[in-house]
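Novice: Sequence:
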Amino acid sequence: MDNRNKLKVWLQQHHLTQKDLAQLIQQTTGRPCSVRAVKSWLCPPEKNSARPCPDWVIQVLSHMDE
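Residues 3 to 68 (the numbering used here) are what the sequence shown spells out, left to right.
Calculated directly from the structure, the hints in this document are not laboratory data. Some clues are possibly wrong.
Unchecked claim - Calculated cross-link-like contacts (lysine-lysine; reagent style BS3-like; alpha-carbon spacing at most 25 Å):
1. 41 to 10
2. 8 to 49
3. 21 to 8
4. 41 to 21
5. 21 to 49
6. 41 to 8
Take these sequences, add in the hints, and give me the full structure.
Specialist: Structure representation (C-alpha coordinates):
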(Lines of atoms letter the chains of each structure in order from A; the text may use other names.)
(Lines give C-alpha, C1' and ligand atoms only; values in the text may rest on other atoms or scores of the structure.)
Protein backbone atom coordinates (compact mmCIF):
# COMPACT_ATOMS: atom_id res chain seq x y z
CA MET A 3 0.00 0.00 0.00
CA ASP A 4 1.40 3.40 -0.93
CA ASN A 5 1.56 6.37 1.42
CA ARG A 6 -1.47 8.04 -0.17
CA ASN A 7 -3.66 5.06 0.61
CA LYS A 8 -2.18 4.65 4.09
CA LEU A 9 -3.04 8.29 4.78
CA LYS A 10 -6.60 7.83 3.49
CA VAL A 11 -7.12 4.79 5.71
CA TRP A 12 -5.66 6.59 8.74
CA LEU A 13 -7.98 9.57 8.21
CA GLN A 14 -11.03 7.30 7.91
CA GLN A 15 -10.10 5.27 10.99
CA HIS A 16 -9.67 8.40 13.10
CA HIS A 17 -12.65 10.31 11.64
CA LEU A 18 -10.56 13.42 10.97
CA THR A 19 -10.91 16.08 8.30
CA GLN A 20 -8.02 17.23 6.15
CA LYS A 21 -7.94 20.44 8.18
CA ASP A 22 -7.78 18.46 11.44
CA LEU A 23 -4.91 16.39 10.08
CA ALA A 24 -2.94 19.45 8.97
CA GLN A 25 -3.31 20.97 12.44
CA LEU A 26 -2.40 17.69 14.13
CA ILE A 27 0.76 17.30 12.04
CA GLN A 28 1.76 20.89 12.73
CA GLN A 29 1.17 20.58 16.49
CA THR A 30 2.92 17.22 16.75
CA THR A 31 5.99 17.98 14.65
CA GLY A 32 6.32 21.75 14.87
CA ARG A 33 6.60 21.76 11.08
CA PRO A 34 4.23 23.86 9.01
CA CYS A 35 1.52 21.80 7.32
CA SER A 36 -1.27 23.33 5.28
CA VAL A 37 -4.61 21.88 4.28
CA ARG A 38 -3.47 22.31 0.69
CA ALA A 39 -0.48 20.03 1.37
CA VAL A 40 -2.76 17.36 2.83
CA LYS A 41 -5.10 17.65 -0.16
CA SER A 42 -2.18 17.26 -2.56
CA TRP A 43 -1.07 14.09 -0.74
CA LEU A 44 -4.57 12.61 -1.08
CA CYS A 45 -5.19 13.58 -4.72
CA PRO A 46 -5.26 10.84 -7.34
CA PRO A 47 -1.74 10.59 -8.80
CA GLU A 48 -2.89 11.57 -12.29
CA LYS A 49 -3.96 15.04 -11.09
CA ASN A 50 -1.53 17.92 -11.66
CA SER A 51 -1.85 19.01 -8.04
CA ALA A 52 -0.98 15.55 -6.66
CA ARG A 53 2.17 15.26 -4.57
CA PRO A 54 3.57 12.13 -2.93
CA CYS A 55 2.83 11.85 0.76
CA PRO A 56 6.18 12.03 2.58
CA ASP A 57 7.35 9.00 4.54
CA TRP A 58 7.81 11.15 7.65
CA VAL A 59 4.06 11.87 7.74
CA ILE A 60 3.22 8.17 7.82
CA GLN A 61 5.87 7.60 10.49
CA VAL A 62 4.43 10.37 12.68
CA LEU A 63 0.91 9.01 12.34
CA SER A 64 2.09 5.46 13.06
CA HIS A 65 3.78 6.59 16.27
CA MET A 66 0.56 8.30 17.35
CA ASP A 67 -1.24 4.95 17.15
CA GLU A 68 1.23 3.23 19.46
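Novice: Checked against the structure, which of the hints given earlier come out wrong?
Specialist: none
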